[in-house]
Amino acid sequence: AQKVTQAQTEISVVEKEDVTLDCVYETRDTTYYLFWYKQPPSGELVFLIRRNSFDEQNEISGRYSWNFQKSTSSFNFTITASQVVDSAVYFCALNNYGQNFVFGPGTRLSVLP
Amino acid sequence: GEEVAQTPKHLVRGEGQKAKLYCAPIKGHSYVFWYQQVLKNEFKFLISFQNENVFDETGMPKERFSAKCLPNSPCSLEIQATKLEDSAVYFCASSQFRGADEPRNEKLFFGSGTQLSVL
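Residue numbers (our numbering), protein chains in the order written: chain A, 9 to 121; chain B, 7 to 125.
Chain A with its partners taken away, still in its complex shape (with noise of 0.2 Å):
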């Protein structure tokens, strides 16, 4: 069975601070995807990554970066000197090629001004 656990209910920082989301995903399969998706008060799911299992290469884009552990079964998300408009559900989730997509419970973070 696939699950993702993101440990971290809520966080709150201050502006400019990092901050470190956590994902921790359980599969038996050696082929997958994981994915960070952001969701504003809005509503709309927005996509940050995807990232292919046999890919352990860490990746920054802007502010983010994704720290990619295979060996611990992490997925670990940073957002660096955080801002206002980072306030959002963060959701981790794991694919496997085509198949349905097992979603995290998310992490609520607040960033204060």
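Calculated directly from the structure, the hints in this document are not laboratory data. Built from N, CA and C at the ideal position, the CB exists for glycine as well. A portion of the hints provided could be inaccurate.
From the structure, some residues in chain B lie toward chain A, with a derived Cβ separation under 7 Å [stated by the list, open to error]:
#	residue
1	Y28
2	E48
3	F49
4	F51
5	S54
6	E58
7	S118
Given the coordinates of chain A, assemble chain B onto it according to the supplied hints.
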């Protein structure tokens, strides 16, 4: 089109009434997924299609929920005899999986959701 189009944006039904939601996937995408999100919490997978064929329906409450993806028509999710607990946002997503050769950042494209309120 270049986005997943879900209609209507909002739907209000009295308990026991039927509700029908629509999703037009991105042209060329062969996979369609339906998810239910209650109170902006966890996403519950309902059903997926590969073209017009059901791919995975393990999440569907089959006694009242049904879904179709017919050629040249939007996909649909229908709830017969709605209950209060069906109140949620229903997201549709489409994608085109081609295995290990896909572009690195190919993503699952989500629609903006249909907010169903059952009163």
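Tell me the numbers of any earlier hints that the structure contravenes, in ascending order.
Checked against the structure, the hints that fail are numbers 1, 6, while the rest are satisfied.
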